[in-house]
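S.K.: If you want the building blocks of each chain, they are given just below.
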Amino acid sequence: MRTLPIIATSNGGTASSMWEATCSVRMQFRAMRTITLLFTFAAVLLSRAQNTGTLRLLVDPGHNFEFIVDKKFRMQQREIKLTEGLHDMSLWAPERMVVDTMVFVVADRTSDLVVRLPFSPEYVTYRKEIARYQQKKRWTRAAPLLVLAGGLTWTAVSAMQYGKAKDVLDADRENYTINADPRAIEALKAETIPAANKELKNARTQVYLASGFSVVSAAAAWYFIHRTNTWQRPLFEDKQKVKFDGLAWMPGRDGGLFMAGLTINLSK
Amino acid sequence: MSTRILLAIVVGAITLLSACKKDEIDLATLNTNPFDPDYAGAPLFTFLSSETVSVVVNGTPQRNLNAQVRVNTELFGRATTYQVGVDQESGSGIPSNAIPNGLLTISRGNVQPGQEVCWSLRVGNGGAYGGGNRVCATAE
Numbered sequence: 001m002r003t004l005p006i007i008a009t010s011n012g013g014t015a016s017s018m019w020e021a022t023c024s025v026r027m028q029f030r031a032m033r034t035i036t037l038l039f040t041f042a043a044v045l046l047s048r049a050q051n052t053g054t055l056r057l058l059v060d061p062g063h064n065f066e067f068i069v070d071k072k073f074r075m076q077q078r079e080i081k082l083t084e085g086l087h088d089m090s091l092w093a094p095e096r097m098v099v100d101t102m103v104f105v106v107a108d109r110t111s112d113l114v115v116r117l118p119f120s121p122e123y124v125t126y127r128k129e130i131a132r133y134q135q136k137k138r139w140t141r142a143a144p145l146l147v148l149a150g151g152l153t154w155t156a157v158s159a160m161q162y163g164k165a166k167d168v169l170d171a172d173r174e175n176y177t178i179n180a181d182p183r184a185i186e187a188l189k190a191e192t193i194p195a196a197n198k199e200l201k202n203a204r205t206q207v208y209l210a211s212g213f214s215v216v217s218a219a220a221a222w223y224f225i226h227r228t229n230t231w232q233r234p235l236f237e238d239k240q241k242v243k244f245d246g247l248a249w250m251p252g253r254d255g256g257l258f259m260a261g262l263t264i265n266l267s268k
Numbered sequence: 269m270s271t272r273i274l275l276a277i278v279v280g281a282i283t284l285l286s287a288c289k290k291d292e293i294d295l296a297t298l299n300t301n302p303f304d305p306d307y308a309g310a311p312l313f314t315f316l317s318s319e320t321v322s323v324v325v326n327g328t329p330q331r332n333l334n335a336q337v338r339v340n341t342e343l344f345g346r347a348t349t350y351q352v353g354v355d356q357e358s359g360s361g362i363p364s365n366a367i368p369n370g371l372l373t374i375s376r377g378n379v380q381p382g383q384e385v386c387w388s389l390r391v392g393n394g395g396a397y398g399g400g401n402r403v404c405a406t407a408e
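As given, the protein sequences belong to chains A and B, one line each in that order.
Take the first sequence: its letter number 248 is residue 248 in the numbering used here, and every next letter is one higher.
Count along the second sequence starting at 1, add 268, and that's the number in the numbering used here.
For reference, chain A alone in the conformation it holds in the complex (with noise of 0.2 Å):
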């Protein structure tokens, strides 16, 4: 602040100078409010600029999606405020691709944001895998399965044969015993009983056929449901996380895999 000069006079010419004196502080007092009406108007702008309007995130998968705002803060909300105007959003969730998109936040206002994240091609490529290797191991395990229990049919069908040939044998056995007809007798000996030892035999021969046949089935299935277990299963290795984060833990069958992304920006 200035300081005004005070003239004084001996003729009376004293109150002239003091009332110019007065009008000069009063002009200095208005330019003073004018420059602070227009800092509070200056203030009242600024805030009116920074004012925030609600994103309302509407993504597919719903449940564990991410998001980076503006390549800088990470989060995992339905709803997000923000400073009104244009933000970069970058979108990802376990299995699918990452999805960047600009989007214009208008302030007080809720914004909605729909978006679907597709499949990322590692994991259409997975399921393909994981499909046909859980096709291929159901098969190599049902097929030796499926034979097994026809080997077991089979040896089934030819017990139950194999007790009716002696069935058959038996009754020929006790009608000898009983028999008291000598004609009946040397008929008996001559074609019934050799008839129904040849379908004994036939019959054992089946079930001894049958019974091997199982046992080589059994053993078959045995060593294929093992070496099944042993059938490394396709790993889904989600390279739009690791895009996403930056930093990453990939497992492994070793074990697994640390990897970092260092990003240095050289345009700076």
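Hints were generated in silico from the structure; no laboratory data involved.
Think of the CB as a built atom: it goes at the ideal place given N, C-alpha and C, for glycine as much as any other residue.
Incorrect hints may have been included.
[To be verified] Residues from chain B shown here face chain A by an in silico Cβ test under 8 Å; the list is partial: (1) I277; (2) E292; (3) N301; (4) R346; (5) C386; (6) S388; (7) G392; (8) G398.
[Unchecked claim] With a Cα cut of at most 25 Å, we get these calculated SDA-like pairs of lysine to any residue: (9) K290(B) <-> M160(A); (10) K201(A) <-> G280(B); (11) K201(A) <-> A296(B); (12) K71(A) <-> K81(A); (13) K189(A) <-> R272(B); (14) K189(A) <-> F344(B); (15) K189(A) <-> D306(B); (16) K164(A) <-> E292(B); (17) K71(A) <-> R56(A); (18) K137(A) <-> R272(B); (19) K290(B) <-> V168(A); (20) K198(A) <-> T300(B); (21) K137(A) <-> Y223(A); (22) K164(A) <-> I293(B); (23) K189(A) <-> T297(B); (24) K198(A) <-> D306(B); (25) K166(A) <-> T205(A); (26) K189(A) <-> G280(B); (27) K290(B) <-> T205(A); (28) K72(A) <-> L117(A); (29) K198(A) <-> D294(B); (30) K290(B) <-> A187(A); (31) K290(B) <-> Y223(A); (32) K201(A) <-> D294(B); (33) K289(B) <-> K81(A); (34) K189(A) <-> L295(B); (35) K289(B) <-> K136(A); (36) K290(B) <-> A159(A); (37) K189(A) <-> G345(B); (38) K136(A) <-> R272(B); (39) K189(A) <-> A310(B); (40) K166(A) <-> G280(B).
Assemble the complex: chain A is given as a structure, and chain B must be docked to it using the hints.
M.R.: Here is chain B on its own, set in the frame of chain A:
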């Protein structure tokens, strides 16, 4: 399916088959039925006693030897009617209803004192004969 279940099935099947194993009938050893021509068991006829009697045939005196024989029907597989054939391979024999209590009397005429007489006896049915044995007696 676990290994234990597979093993149990295989072991069970083998055990079952082993337990149920049965051989064919050996025809060479099938000779226990008295009505079987190849019968090789205990004697079916047992000599009980004999007597020599003098008779006159057409005015000529001669001696007849009568032997009493028991038919061992307990060796039959079941109670049944039967025939006894005496020195014959086929044809009608003595029906069982003519053999009360299984006691049979057979005769041979015109024998000399001290002469041994044998009969070949067989059991049968329907004109065919099975097992049997020889029975001998000595005339007095």
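S.K.: Taking the hints in turn, state whether each one holds.
M.R.: Now for the hints, and whether the structure bears them out:
About 7 Å separates the beta-carbon of I277(B) from the nearest beta-carbon of chain A, less than 8 Å, and the hint is met. Hint status for E292(B) relative to chain A: holds, with the closest Cβ pair at about 4 Å, below 8 Å. Against a cut-off of 8 Å between C-beta atoms, the interface hint on N301(B) holds, since the closest Cβ of chain A lies about 6 Å away. Proximity of R346(B) to chain A holds as hinted, the smallest CB-CB distance being about 5 Å (cut-off 8 Å).
Contact between C386(B) and chain A, as hinted, is not supported at the beta carbon level, the nearest pair being about 22 Å apart and thus beyond 8 Å. Proximity of S388(B) to chain A is violated relative to the hint, the smallest CB-CB distance being about 15 Å (cut-off 8 Å). Because the closest C-beta pair between G392(B) and chain A is about 5 Å apart, less than 8 Å, the hint holds. Annotation: interface hint on G398(B) holds; nearest CB of chain A at approximately 4 Å, less than 8 Å.
Restraint check for K290(B) and M160(A): the C-alpha separation of about 13 Å stays at or below 25 Å, so the hint holds. As the CA atoms of K201(A) and G280(B) are separated by approximately 22 Å, the hinted pair is consistent with the 25 Å bound. Using a Cα cut-off of 25 Å, the hinted pair K201(A) and A296(B) holds, with the two alpha carbons roughly 17 Å apart. For the hint linking K71(A) to K81(A), the alpha-carbon distance of about 16 Å falls within 25 Å, and the restraint holds.
Annotation: proposed proximity of K189(A) to R272(B) is violated, straight-line Cα distance about 47 Å (limit 25 Å). Distance restraint check for K189(A) and F344(B): the Cα-Cα separation of roughly 18 Å lies within the 25 Å cut-off, and the hinted pair is therefore satisfied. Taking the CA atoms of K189(A) and D306(B), the gap is near 10 Å; set against the 25 Å cutoff, the hint holds. Proximity of K164(A) to E292(B) is assessed by CA-CA distance (about 13 Å); at most 25 Å being required, the pair is judged to hold.
A distance of roughly 18 Å separates the Cα atoms of K71(A) and R56(A); the hinted pair therefore holds under the 25 Å criterion. For the hint pairing K137(A) with R272(B), the CA-to-CA distance comes to about 20 Å; that is within 25 Å, so the pair holds. Straight-line distance between C-alpha atoms of K290(B) and V168(A) comes to about 12 Å, which keeps the hinted pair within the 25 Å bound. The straight-line distance between the Cα atoms of K198(A) and T300(B) is roughly 22 Å, inside the 25 Å bound, and the hint therefore holds.
At roughly 13 Å between alpha-carbon atoms, K137(A) and Y223(A) fall within 25 Å of each other, so this suggested pair holds. As the CA atoms of K164(A) and I293(B) are separated by approximately 15 Å, the hinted pair is consistent with the 25 Å bound. Under the criterion of a C-alpha separation no larger than 25 Å, the hint pairing K189(A) with T297(B) is consistent with the structure, at around 11 Å. The straight-line distance between the Cα atoms of K198(A) and D306(B) is roughly 22 Å, inside the 25 Å bound, and the hint therefore holds.
Simply put, K166(A) and T205(A) have alpha-carbon atoms about 13 Å apart, close enough for the 25 Å limit, and the pair holds. A distance of roughly 36 Å separates the Cα atoms of K189(A) and G280(B); the hinted pair therefore is violated under the 25 Å criterion. With a C-alpha separation of about 12 Å, the suggested pairing of K290(B) with T205(A) holds against the 25 Å cut-off. Taking the CA atoms of K72(A) and L117(A), the gap is about 20 Å. The hint holds against a cut of 25 Å.
As the CA atoms of K198(A) and D294(B) are separated by approximately 12 Å, the hinted pair is consistent with the 25 Å bound. Restraint check for K290(B) and A187(A): satisfied, since their Cα atoms lie roughly 23 Å apart, inside the 25 Å limit. Straight-line distance between C-alpha atoms of K290(B) and Y223(A) comes to about 33 Å, which puts the hinted pair past the 25 Å bound. A C-alpha spacing of about 13 Å is found between K201(A) and D294(B), which places the hinted pair at or below 25 Å, so the restraint holds.
Of the pairs offered as hints, the one joining K289(B) and K81(A) is violated, with about 85 Å between alpha carbons and a cut-off of 25 Å exceeded. Between K189(A) and L295(B), the direct Cα distance comes to roughly 7 Å. Compliance with the 25 Å bound is thereby established for this hinted pair. Taking the CA atoms of K289(B) and K136(A), the gap is about 41 Å. The hint is violated against a cut of 25 Å. Distance hint between K290(B) and A159(A) is fulfilled; the C-alpha atoms sit about 12 Å from each other, no more than 25 Å.
With a CA separation close to 17 Å, the supplied pair K189(A) and G345(B) stays within the 25 Å bound. Restraint check for K136(A) and R272(B): the C-alpha separation of about 24 Å stays at or below 25 Å, so the hint holds. Of the pairs offered as hints, the one joining K189(A) and A310(B) holds, with about 21 Å between alpha carbons and a cut-off of 25 Å not exceeded. With a CA separation close to 20 Å, the supplied pair K166(A) and G280(B) stays within the 25 Å bound.
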